[in-house]
Amino acid sequence: MSKQKTLRLSQVGLRGVVGGGLTATHVLDFASAFGTLVEPGRPVIIGRDPRASGRMVREGVLAGLLACGHNILDLGIVSTPVIQHAIRRRDAAGGVSIGASHNAAEWNALKFFGPRGTYLSTAEAGELLDIYHLKKFAFAGWQGMGKLELVDHAVDRYLDDLAAVYDFDSLRRFRVVVDCCNGTSSVILRRMNERFGFEFILINEHPEGVAFAHDPLITSRTIALQLAPLVKPLHAHAGFLFDVDSDRVGIATELGEPLSEEIMLPLLTDYLLPRGPGKLVITNLSSTALVDELAARHGGKVIRVPVGRQATIDALSGYRHDQIALAGEGTGAVMMPQFEFVYDGIASMLAVLSMMHQRNSTLSEILAGYPKYCILKGELPLTSARIPSLLTDLQKEYSDGRATTLDGLRVDWPQRWFHVRVSQTEPIVRVICEQRGHPPSVLFESLLEKVRSLP
Amino acid sequence: MPREHLLKIGVSGIRGVVGEFLTPALACSFGQAFGSYVGRGRVIVGRDTRATGQMLQHAVQCGLLAAGCDVIDVGILPTPTIQVYVGTTGARGGIAVTASHNPPEYNALKLFNAHGLFFNHYERTELIDLYHQSDFYQAENQEIRGIRCDYESPTLLHIERVMKHVDKGLIRGRQFRVALDGVNGAASVMTPRFLTETLGCRLDAISVDPTQPFPREAEPRPDTLGALAALVTAQGCEIGFAQDPDGDRLAVADETGKVLDNDDVLALAVDAALERLPGDVVVNLTTSSVIDDIAAAHGRKVYRTPVGEANVVEMMQAVNAVIGGEGSNGGIIFPSVHLCRDSFTGMAFLLERMAKTGLRVSQLAAGLPRYYRKLGKVAFEHGALGTLMQGLEDRFPDATADRSDGLKLQWPDRWVHVRASNTEPLLRLATEARNENAMEDLYESATVLLSAAQGPAQVE
Chain U
1 MSKQKTLRLS QVGLRGVVGG GLTATHVLDF ASAFGTLVEP GRPVIIGRDP
51 RASGRMVREG VLAGLLACGH NILDLGIVST PVIQHAIRRR DAAGGVSIGA
101 SHNAAEWNAL KFFGPRGTYL STAEAGELLD IYHLKKFAFA GWQGMGKLEL
151 VDHAVDRYLD DLAAVYDFDS LRRFRVVVDC CNGTSSVILR RMNERFGFEF
201 ILINEHPEGV AFAHDPLITS RTIALQLAPL VKPLHAHAGF LFDVDSDRVG
251 IATELGEPLS EEIMLPLLTD YLLPRGPGKL VITNLSSTAL VDELAARHGG
301 KVIRVPVGRQ ATIDALSGYR HDQIALAGEG TGAVMMPQFE FVYDGIASML
351 AVLSMMHQRN STLSEILAGY PKYCILKGEL PLTSARIPSL LTDLQKEYSD
401 GRATTLDGLR VDWPQRWFHV RVSQTEPIVR VICEQRGHPP SVLFESLLEK
451 VRSLP
Chain V
1 MPREHLLKIG VSGIRGVVGE FLTPALACSF GQAFGSYVGR GRVIVGRDTR
51 ATGQMLQHAV QCGLLAAGCD VIDVGILPTP TIQVYVGTTG ARGGIAVTAS
101 HNPPEYNALK LFNAHGLFFN HYERTELIDL YHQSDFYQAE NQEIRGIRCD
151 YESPTLLHIE RVMKHVDKGL IRGRQFRVAL DGVNGAASVM TPRFLTETLG
201 CRLDAISVDP TQPFPREAEP RPDTLGALAA LVTAQGCEIG FAQDPDGDRL
251 AVADETGKVL DNDDVLALAV DAALERLPGD VVVNLTTSSV IDDIAAAHGR
301 KVYRTPVGEA NVVEMMQAVN AVIGGEGSNG GIIFPSVHLC RDSFTGMAFL
351 LERMAKTGLR VSQLAAGLPR YYRKLGKVAF EHGALGTLMQ GLEDRFPDAT
401 ADRSDGLKLQ WPDRWVHVRA SNTEPLLRLA TEARNENAME DLYESATVLL
451 SAAQGPAQVE
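The listed protein sequences derive, respectively, from chains U and V. Our numbering applies: residue 1 is where the first sequence begins, and numbers increase by one. Our numbering applies: residue 1 is where the second sequence begins, and numbers increase by one.
In isolation and in its complexed conformation, chain U is listed as follows (with noise of 0.2 Å):
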């Protein structure tokens, strides 16, 4: 069988199939492109996941970041969140995340971030593609070197702040069943059990590195897989699947029914909304429709931008952070002012515990205050030329509606809408159509027939 040729270099970072696209001459030059942008004198933080290949890539990096002169403070297998963290508390000049997030074992990838641990705008990750190109790195001398420090206090120093943030005396009540996918967020969890005296219980704990138990996705599909059978025998409040480096979450209710990947935002909104009336919340042209209803009823706005993390970040960047209530995608990546706008699925994880807590509901009886939404989510291949043309004359032949071309084409009815774009990352069409009360199969069906007959 061939290897499977996937690279992908963008301002997200370095992304590929290890051995078949990415290979360890991208990731000493990425290391060091990296390495040449970054302020010299303060330390850089790296961690990684538990992919296997993440032992070779760390090596890389450690190089590629001493030849510049940097020291690095080296966090071992900790989530993203830790090593955002660690960069603020540390006060570094920025660091890097070793992990494919939620992509198949055989994919790996670094993640850059600046100073304070937030991430890239799309001006920095330009200039660290432009290094990269061109290959001039800045190099210290054979008398400069970075050194190596390896530091195993990050995750209880993350602890620390997120105790300071949510009550955990109050919040250790409750029993709470895990799916940490062999990924990082098992770390951080036995560790709330031990110090802490929470109660969750862990399943596909141990980390791996080659064989995940099941797609690191976040998706009512996956969450039905293992975890939400569980919520119910165990009697646990509540079900959360993490994804490997634990940024995104997804959720299971204590009956045992896998939410959609969906639902993290609009319930965040619901919960994070009432203490700031009038904020914003930032989220893309995707996701659900829910958002602006529940962030309707608190006096909130919804921002919407393009899909894409950096289309996100750049949006953050646009408004002062008070502003801000919260914001994210229909992935179950959530970002919170309290924790630096870092993609955290434990943070958010902490804050539906704190809503049940707090309204004194379970998950259950908090969605049931919630309108029915019915979302429909489809891909093809993308095998036309002819995308563009579709997407007017789907403009013109649904111009009742309102219509949005920041990514493809959005069209808005009152209680409806669809949005087809084309993927930045991956050859597919995605549709994606949601209706209030109702699955919306016959636009869903006409749209998908739409895309498939192009010549």
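If you're looking for bench data, these hints aren't it; they were derived computationally from the structure. Glycine included, each C-beta is placed from N, C-alpha and C at the ideal position. Among these hints, one or two may not hold up.
[What the hints assert, rightly or not] Distance condition first, Cα-Cα at most 16 Å in a straight line; then the derived EDC-like pairs of lysine to aspartate or glutamate:
1) U:Lys135 to V:Glu20
2) V:Lys377 to V:Glu424
3) V:Lys301 to V:Glu275
4) U:Lys136 to V:Glu197
5) V:Lys374 to V:Glu436
6) V:Lys168 to V:Glu197
[What the hints assert, rightly or not] From the structure, some residues in chain V lie toward chain U, with a derived Cβ separation under 8 Å:
7) Glu20
8) Thr23
9) Ala25
10) Gln54
11) Ile147
12) Pro192
13) Pro278
14) Leu359
15) Gln363
Given chain U's structure and the hints, the job is docking chain V onto it.
Structure of chain V alone, referenced to chain U:
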């Protein structure tokens, strides 16, 4: 004009000034080429104490892991210790990150095969081809192995092997007072332990802090070892040892602080080995005739090879030699321990010799046949080499000519050896004779001839 070689990628591996020239990406690619060549399995990686060693080790390990190898990190260790460990633990090969005696801004990769021997000519050529074609094995996630650290057992293993060949009780009983200059190199920790804990010496050591830079020129030669000489006399030591940054080369000072000629150190080691074991001797063409005299006294044969450790080692394997080495650069190779230059074997042999004979180092050296030696170098123009060599051969028709590495002209009581450097447009010149005047005459006439159309010769 001599050119500066800031980076050299060739059959001897990869060597250069770290940073702009020897980059982490180059070291990583070389590691991956090496891993692809030796195949998936265990590869040992260690280094000397150079400031750039840690960075390059991570780069090499990145390449090895990417090729699907299991990495055993042995940390900072002498090169011979790494070689012994590679050769005895069933590894696929090993890499030492060290530029040996080169200045501190340089670093290099030394490559070992599964026997812990330097890559031979064929292996080196194959590896270089693989490197140039970027024809690397690209391991996928499930094939990527890990890094295991083993900082303790290589040292124990090496010392144990050395101690099989000397009388430990005899040496310990003497409680020798010993001086050591470790150049803050890879042997800085191991040598003091070896001398005190294993050999029971009373030690006065300088430059044995592996975290500090080299305090002197890295190559241990009489003119770089003033501090050792001073230490020997100040502390009243019976012997002084000096190593290079990766602990394969050894220099010795006698009890008066005089640094011995490296050919004489080799001669004492050869004498010790031949007394103990049967077998012949292999040295390079530039090594002193004192070796022939010692071998003759034991009724053994001496084989001569072109200059270079790999050449000596290959010949030693071929003739199953009992000992060998290269006089001028302080390398003693004793295959019963390992087929590599090993300063530890040298130290143990000399101390045992002192214990056995009751003689001082100066007396041991004085007991060797006396030869006079002189080394020098002459710049030459490309293309002029043939004319120069043939001119020299024609000038001395009564000598026996050996063309196996440059030109060596041999008489019963004297010789001259001229060879072109592999790295610079220089002719290296060595002369030796029983008689000082004869040696000076030979050196003079050779240099006059060689520099006739060139610049003047430089005495080293």
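Hinted pair lysine 168 of chain V and glutamate 197 of chain V, Cα distance within 16 Å = holds, 11 Å
Given hint isoleucine 147 of chain V near chain U, where the shortest CB pair must fall under 8 Å | Result: holds, 6 Å to nearest chain U Cβ.
Regarding the pair lysine 136 of chain U and glutamate 197 of chain V, is the alpha-carbon distance no greater than 16 Å?
-> violated, 50 Å
Quick one, is the glutamine 363 of chain V hint okay against chain U at 8 Å, beta carbons?
-> Interface hint status for glutamine 363 of chain V: violated (43 Å vs cutoff 8 Å).
Verify the proposed pairing of lysine 377 of chain V with glutamate 424 of chain V, using a straight-line Cα cut of 16 Å.
-> The given pair, whose Cα atoms are some 11 Å apart, holds under the 16 Å limit.
Hint check, threonine 23 of chain V versus chain U [nearest Cβ-Cβ separation less than 8 Å] | Status holds, d = 7 Å.
Pair hint outcome, lysine 135 of chain U versus glutamate 20 of chain V [Cα-Cα no greater than 16 Å] | Measuring from Cα to Cα gives roughly 11 Å; hence the hint holds.
Interface hint outcome for glutamate 20 of chain V [beta carbon to chain U under 8 Å] | holds, 6 Å
Closer than 8 Å between Cβ atoms is the bar; does glutamine 54 of chain V clear it against chain U? Give me holds or violated.
-> Glutamine 54 of chain V check passes; min Cβ-Cβ to chain U is 7 Å, inside 8 Å.
Under 8 Å, Cβ to Cβ, is where proline 192 of chain V needs to be relative to chain U, so tell me if that hint holds or is violated.
-> Since the shortest Cβ distance to chain U is 25 Å, the answer is violated.
Can we keep the proline 278 of chain V interface hint, with Cβ of chain U closer than 8 Å?
-> Status violated, d = 47 Å.
Satisfaction of the leucine 359 of chain V interface hint, Cβ to chain U closer than 8 Å = violated, 44 Å
In summary, the structure is inconsistent with hints 4, 12, 13, 14, 15 from the numbered list given earlier, while agreeing with the others.
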